[in-house]
Amino acid sequence: MKLSRNFVSDYVDLSKIDTKTLAEKMVFAGNEYEEISKISPASGLVVGKVLECEMHPESTKLHICKIDLGDSIKQIICGAPNIEKGQKVIVARVGAKLPGGEIKKAKLAGMESEGMVCSLAELGLDSKYVTEEDKKGIHVLEEDAEVGSDALAYLGLDDEYIDFELTSNRADLMSVLGMAYEIGAILNEKVKTPKVQLKETKENICDSYKLSVQTKKCPIYLGKLVHNVTIKESPKWMKERLMASGMRPINNVVDISNYVMLEYGQPLHFFDADKLGNHVIVRNAKEKETLQTLDTQERVLDKNDIVIANEEGPVCLAGVMGGMNTEVEMDTKNIFIEAAIFDSYSIRTTSKKILKSEASIRYEKGIDPNRTKLAIERAAYLLQEYAGGTVTKGILTHDEADHKEKVISITLEKINQVLGMEISKKDVKDIFTRLGFQVDMKGTEFIVTVPTRRLDISIKEDLIEEVGRIYGYDHVKGHLPLLNVKRGGRSEIANYVLELKHRLASLGLTEVITYSLGTKEESNSFTHFESEDITLLEPLSEDKKVMRKSLIPSLLKVFEYNLARKNKDVFIYEAGSIYYKKEGKVKEEKKISGLLYGTYLTNDWKKEKLDVDFYLVKGILENVFHYMGFTNRYEWKENTIIKELHPGRSVQILVDGKVVGYMGQVHPNISKKEVYVFELSVEELMNHSVRMLKFKEVPKYPSIQKDLAFVMKKDMTSKTVMDILKHVGGKMLNSIDVFDVYVGENVKEDEKSIAYSLTFQDPTRTLTDEEVMVTFKKMIEEVEKKTSARVRDK
Amino acid sequence: MKEKMELLKKELKEKLESVSDLKTLNELKTTYLGKKGPIGELSSMMGSLSIEEKKNFGKALNDLKTEVTALLEDVRVSLEEKELNRKLESEKIDVTLPSTKVRVGGVHPITRVIEEVEDLFISMGYDVVEGPEVEEDLYNFEKLNLPKGHPARDSQDSFYITNELLLRTQTSAVQARTMEANKEKGPIRMICPGKTYRRDNDDATHSHQFHQIEGLVVDENVSLADLKGTLEVFAKKMFGETREVRFRPSFFPFTEPSIEVDVSCFKCGGEGCSLCKGTGWIEILGSGMVHPNVLRDCGYDPEKYTGFAFGIGPERVAMLKYGINDIRNFYTDDLRFLNDFNRTEGGK
Chain H
15 MKLSRNFVSD
25 YVDLSKIDTK
35 TLAEKMVFAG
45 NEYEEISKIS
55 PASGLVVGKV
65 LECEMHPEST
75 KLHICKIDLG
85 DSIKQIICGA
95 PNIEKGQKVI
105 VARVGAKLPG
115 GEIKKAKLAG
125 MESEGMVCSL
135 AELGLDSKYV
145 TEEDKKGIHV
155 LEEDAEVGSD
165 ALAYLGLDDE
175 YIDFELTSNR
185 ADLMSVLGMA
195 YEIGAILNEK
205 VKTPKVQLKE
215 TKENICDSYK
225 LSVQTKKCPI
235 YLGKLVHNVT
245 IKESPKWMKE
255 RLMASGMRPI
265 NNVVDISNYV
275 MLEYGQPLHF
285 FDADKLGNHV
295 IVRNAKEKET
305 LQTLDTQERV
315 LDKNDIVIAN
325 EEGPVCLAGV
335 MGGMNTEVEM
345 DTKNIFIEAA
355 IFDSYSIRTT
365 SKKILKSEAS
375 IRYEKGIDPN
385 RTKLAIERAA
395 YLLQEYAGGT
405 VTKGILTHDE
415 ADHKEKVISI
425 TLEKINQVLG
435 MEISKKDVKD
445 IFTRLGFQVD
455 MKGTEFIVTV
465 PTRRLDISIK
475 EDLIEEVGRI
485 YGYDHVKGHL
495 PLLNVKRGGR
505 SEIANYVLEL
515 KHRLASLGLT
525 EVITYSLGTK
535 EESNSFTHFE
545 SEDITLLEPL
555 SEDKKVMRKS
565 LIPSLLKVFE
575 YNLARKNKDV
585 FIYEAGSIYY
595 KKEGKVKEEK
605 KISGLLYGTY
615 LTNDWKKEKL
625 DVDFYLVKGI
635 LENVFHYMGF
645 TNRYEWKENT
655 IIKELHPGRS
665 VQILVDGKVV
675 GYMGQVHPNI
685 SKKEVYVFEL
695 SVEELMNHSV
705 RMLKFKEVPK
715 YPSIQKDLAF
725 VMKKDMTSKT
735 VMDILKHVGG
745 KMLNSIDVFD
755 VYVGENVKED
765 EKSIAYSLTF
775 QDPTRTLTDE
785 EVMVTFKKMI
795 EEVEKKTSAR
805 VRDK
Chain C
7 MKEKMELLKK
17 ELKEKLESVS
27 DLKTLNELKT
37 TYLGKKGPIG
47 ELSSMMGSLS
57 IEEKKNFGKA
67 LNDLKTEVTA
77 LLEDVRVSLE
87 EKELNRKLES
97 EKIDVTLPST
107 KVRVGGVHPI
117 TRVIEEVEDL
127 FISMGYDVVE
137 GPEVEEDLYN
147 FEKLNLPKGH
157 PARDSQDSFY
167 ITNELLLRTQ
177 TSAVQARTME
187 ANKEKGPIRM
197 ICPGKTYRRD
207 NDDATHSHQF
217 HQIEGLVVDE
227 NVSLADLKGT
237 LEVFAKKMFG
247 ETREVRFRPS
257 FFPFTEPSIE
267 VDVSCFKCGG
277 EGCSLCKGTG
287 WIEILGSGMV
297 HPNVLRDCGY
307 DPEKYTGFAF
317 GIGPERVAML
327 KYGINDIRNF
337 YTDDLRFLND
347 FNRTEGGK
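Protein sequence lines correspond, in order, to chains H and C.
Reading the first sequence from the start, the letters are residues 15 to 808 in this note's numbering.
Reading the second sequence from the start, the letters are residues 7 to 354 in this note's numbering.
Misleading hints may appear alongside valid ones.
[Said to hold, decoys possible] Quick list of in silico lysine-lysine cross-link-like pairs, DSS-like style, CA-CA up to 30 Å: (1) C:Lys154 - H:Lys317; (2) H:Lys443 - C:Lys310; (3) H:Lys558 - C:Lys154; (4) C:Lys107 - H:Lys620; (5) C:Lys154 - H:Lys300; (6) C:Lys283 - H:Lys52; (7) H:Lys686 - H:Lys620; (8) C:Lys354 - H:Lys491; (9) H:Lys491 - C:Lys283; (10) H:Lys39 - C:Lys283; (11) C:Lys154 - H:Lys230; (12) C:Lys154 - H:Lys39.
Calculated from the structure, these hints are not laboratory results.
Only chain C is shown next, with the shape it has when bound in the complex (with noise of 0.2 Å):
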């Protein structure tokens, strides 16, 4: 008997060798496990045994069994996996072929500046404010300490619509506003961002239409040293952490003291290169503290009062962080320009 079984799982195993599907091993996974099947026959006998025949008869036939299942399975697992790599092969394709173009958009440079700026200056308690921008000669002259036929609104030339109405020259209007609108809640923090147009011909480095940021604090103490930590954090943030600041003085009839801000050129490191025309700085930015007049007109008492304001030109941190150097480009939208500025850079 024992022979008997030998000899079948040798047959078996013989078998097994050549088979090359899962259909003939499913076949001869009946043959051997059916009930007709040699195995079957095997058990048939046993009717004819004793009963301790029987029992090691019985464990016998069961062993038999699972070794033939356990072959069977494993051929199956093989071919299976014959089969697996046989379908993966034919569906390989050339993964070197171009892609299926996916659009990308993205914000304008312009936006882009003025998004970090806010963020920025979110971070730091400033709440973003809008105003008009066809606006009263009021809000954008007369209440910053600019009366009619004062000199300095030459450098200003304006698009006027009426006497009175005008397309503001500065954001700056916008602290007046601000400064009216909470003059019974006390201190401000605010920028605003906007447009702001000037009666300029478009040049490589002139717009008549341009954007600013003005910046504005006005509180109990507030000081130029102030003004300058802001600065600091500001010009860092944009053109990077080793970044310097420098105070030049400056006249703008709204601000008393007036500052113009120098960053350390951010090429060079301050060594004096092409770009800050070998000085080892540039100009960002005018600012100062916010004129007592100002404040007066815009219900502000002075004594008790200070303030500092500031104008960020987003085209000319533009043209400065990314090397641009012609204005108009911010305005012809080439979408081959625009599409340059349509990535991260990288969490920074």
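Just chain H, with the same shape it has in the complex (with noise of 0.2 Å):
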């Protein structure tokens, strides 16, 4: 909402007061605003009048002027084709600032020029803003424009605007009035009201028209006549008005419409009254039915839609545009106004759909009932007085709407311990009054009444609001809440998660957040259950569609991006949820997944480095398993699951032999690089307990180690024979582990060697040779029986 410091000041004294701290306390009142700005930014412009005015002798187009400013007469070199001898023009004097920049002194084609004769537009106006006269030279000025006074105080465009940015529900701020209101609040000065005085003939339009309402979505329709109007263009102050407003000049009649709109914020319309007819029918459009709107374009509309029809059809879209075959055009001559409320939910859903303007932003936000009759005067006074028009008497009135205001009472105690402030009631009473509530006391109490312009203020705590942004927060003093002792905290998988997530960052992966939308494809990739797809219904773009079901495909990405940008090694991880259906229902679950690509180690002058593979991979999940109480608890089976994954490595991850996640190389089909990733179920692993933290002895009898090496084939994995091995050790058999994998000489092509060391020991004796070999022994008998590995000779 733009709002003009001329138009507002027509009623709230502003006299005492700069715009930029008017706009500053606005501010402090719930009021924002963007900007504060004028028509014109230029400055340095006086009223000329061109004295003589010769052609260049060895130009075309340049004239010589000599121009009277009033305390001096200058020579002017002026290009433009319509200057003439006795205008009165708009000149910019050297040391003048334009939006083009600063007028010197300077020689035109070996002439001095001492200024510069300015067009409309060499001002700053917006373009919509000038004529197309206008745009082919320059500007001049009417008869009583007074030589060498401020030309653009004399055209009004040194008017000043406040562009507010409005909260959705100061439905009374679109209107000057409602301004002046708020103004006057925060000010504490009175406001008056707009002049109506209306010479009306003596026939009553009641009797010459029908208004017929059929419909639910109009409380208010009120139609006023006027009568042999003349259309012809606005006084200055009403152009310069409505340009402060934001909204372009057009002629008297549209403009009166557009400015009594501005000042109530009642949305009007003007009908030729002879193309009209007299039956005017508000009702729902038909479904299908057309109409052509005042922008030429066919519409067709739906029985969501309001319009105003005559007998032989629709005539106009309500509250959003009217339509052309009762378009007020330059030979109208009776005019019919429509002053109406229509269902402010409605004209959303057809604003939406046809176009927004002026008129349905406010009939969205919502009008007051008792300004409609107001406003319909307003605009046959105006009408009467600036395009000559005759005002019939009488208005056709259809009227269901509620008219009565709200009364309201509070308590001084519930305002202050609402605000935490310690206000009087003489402040209170005070704040209410200037608002311009009316307050009556019944004990402690305010009874307040509130005007039906303040539509948003329905309860108690809205007249709290008020109290408080008129008193000004800035009273408000902090203090800590005075409330019981409570113990805060995480909930449990919160917890889970941000363990999960620093033992990660330690472990050198660095955290990344990704978008949870993706493609159809990339939702649907690395998950491998039953599920149906969570998609938008107005997605913003195909990459954008579908909530994922696996993290991985966002981690790729960053990858790509990454590598893209030279950032040659990739160790992330992200902590997030995925979203499916099923049976109907939305699901949720939190993974923790993870992307390693390149080098973890390295020391270049060394030679030295440790590139990612499986195996380091399984050493960080297995450290990060160790970390969350799982040590001995998992095992890594054969992927058959994740198509994504490269199918010789890749696993899936098991917790007390339940999967929990999984873990591979990225299948070569989707990625040419040798890249890892995993991904974990929080849920699935929180649904193993882990015991609490138990000081255990430390050892103190010695342990036996013994080495042994078993020849098998090359597809035999080494967990077949470890868990024989573990198996017949029992609890002897303190720990195991591989220190050798051999391929090559002695060993045949299709198979390998690898080499176990075993420890033995026993927490409350120290075991002997003896009883080791036996167990030793048996180990090796029994992966022999029940495998086709065999224990290698030396």
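Hints are included, so try docking the two chains, each in its own frame, into the full complex.
Shown next as structure tokens:
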């Protein structure tokens, strides 16, 4: 909402305050602004009179003019084709500041020029305010312009405006009058109301017109007639105020309709009464009904739209745009003024479909039912004064609206309790009065009557806010609340995720955060379970359409992004949710996933480096599992489920025999690089309880170490052997490790040799070599019996 | 006899001067202290002495032994020291050569802000609560005093999945859920961090996905002064001890009164600079007193309970705190950007 200072000054006295200070005060009453500006930012302009005007002898375009600037006569060279002797023009003196720069003394085609004769465009006016005629040359002023006076002031272009960014609840501030009340409350100034003095004819509109309102979506419909208008240019002051309010002046009739809307916040529509006919119908549009609107477009309507119609069909799309068939044109003589209130929700839907206009914005926010009549009369008055119209008596009326003012009672105690302030009874009463609310006292209670323009106020708390914002929140002294002492904390799952995140970070992985939305394909890769997609009804783009079911595709994107930027080692993880539907129900599950690529440890000059491979990722995850309390409880099983992983280099991860996630190299079909990923389900991990930490005696009896190597087929897993060794070793076998994997000489081509190192220990006594040997031999026997592996000689 | 002993010592001292390794020293030791050595020879002469002489001679012999041992020991110590120094010298490395690079990981700057805020509020007795990101219209809007068709919904263009299901546009949705779940138990003190989504095109200041931290206190006699005090603690923790907080009236459908909160500019200290656009203040969050309709719809009697709520934008906090000028940085995840946050701020 652009508020013209000149406009609002009609209704509230601003003589004691400058625009910037006013705007700042408005901010602290809750009304932010974007900018303070002027219609024209130029300065140093005067009204000049062209005393002489002759063509330059050596130019076909330039005129040599002698111009009277009031205090002096200057020679100015002017290239405009329409300059003539005797005209009053806008002159930028030497030193004047225009949007194009400062005016300096100059020589044009050898002639001295002390200033510039200006067009409107040169004043920095928005091109929508400049007529075609004005675009061609300089602007010629009317005869009443006083030579030597400020040209911008004469044109009214020195008006300042504040462009407010209003909150959606303050419908009342969508009008100059509403602004006047707000400013009045802040500055403690009285508000004046617009002038209406009608000289009406004897006949009454109600005698010749019929109104049929056939919809519930129109609580008020008023119509008034004005005959014999003359369509012409609006007076200067009206054009100026429209421009300062951001509206383009068109002609007096259209401008009056806009002017009154700005004044009262009540949109009006003017019909050519002769085209409208004398039966006005307000109804819901019929399905597929059509109307050619003022922008010449053919609109197909539906039953949610409201139309104004005559007996032949629709003539106006209510609250949004008029119809071509009843348009006010240059030769229009008689005008039917409409002032109505339409259902805000319906207008919102229609305007979303067709067009957001100044009128529809106001309808959406809501209209004061007590202004409709004031506005229609004001419009009739202005047509009478500035378009020479004759106003017909009476108002064609349909009115089912509630015009009652709301009465809310509130105690001083409640106000001060909520605001945490100590405002006196007198101050509170004063604030309500300044806001134009009527206040009566009943004991300690304020009985407040709220004018209908304040649609946003309906409960106690609304009044508390009014008191707070006018009194000033800078009076609130902050202190911490006196509440019961209680322990705060995160949920168990939040703590769990936090632990995982920080562990991965300390293992050298960097956390990333990526988008939850992806393409349909992305959202369905790296997952393996039956589920339905969660798809947006209206996505912004195809690549942000479906909620992801795995974090890995996002991590791969981050990987590609970083690789393209020469970040050659990528060690990242993300903790986030995945989303899907199962049996119609929305599910969200927490995952923690990682991607590892490149070199983990490096020292170039020592030619030492540790590149990521399967076993490094496995080690990092084992570190995490140990940290989370799953020592000896996890295992790695062949992956047959995630198709996007390298089938020979991927595993499913199990804890206590249940799958908690997967890990492996990304399938070469997806990435040519050797990149590893993992994804763990936080909920699945949390399903496995972890014992509390407890002290355990460090073993004090010596251990016995034995080494053992088996030759086996290459496709046999080490785990097969290890499982048997563990089983036979029982409690006596403290730990088992692989210390060598060998292929090559002395081992057949399809075979490998794996060497294990076994540690035997009993926490309660010293083991004898003999008893260890018994178990050791049994181990060999069992492995050889149950598998094709053979113990390696030596 | 005495002369013999002196001579022996002198001779040993001379020999020791030229000893340069432990092996020679040990040979010398055996030579002098061994049974067949000069001291042994002397002691074998004892038998031919009288008792009185024996006594004197024995003492002198013992003294000699002690002296010889000490002389040998001194040389041993000094030799070993020399040996060690030689070893250390030979093991000396160029400490200025580059290190073996050990990876440094870290958490995302947004996580960092969220954790810092969580820890602060936990210390004041708040619970950290979570809620679903795919949310019902009921909790995201309706229970927050935003019925269908409310114009304020326009400012939060939403990603709908069905007519009743959407990606939450605000963590305020969790307010309604928490109150509803807690209504029998009474007072609430919670914050809710999480992802939120709006149908905005991504640019330097907009992101279709971003984070919020909702805060909610519901109790008897909670006031705006309590809210201000709480946010002052927050502002000082996040932006520095000398920060001040300023309230401006605003409008949010779920709070009444509604407050826009500014913090005194931490770059210029309030004098006015490019960051605060000359005003000395920076807008940081929206807040207010919980609207009675919200309390009532979620099972709390607005006559008995009041409450305050606030919504912190971790992206905004991080951008201000760390001087980041484009919100997209948080989601493109360039490791050079992220790794700048892989360190502490020295206990602050």
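* Asked: Does the structure break any of the earlier hints, and which numbers would those be?
  -> Of the numbered hints, just 12 does not hold.
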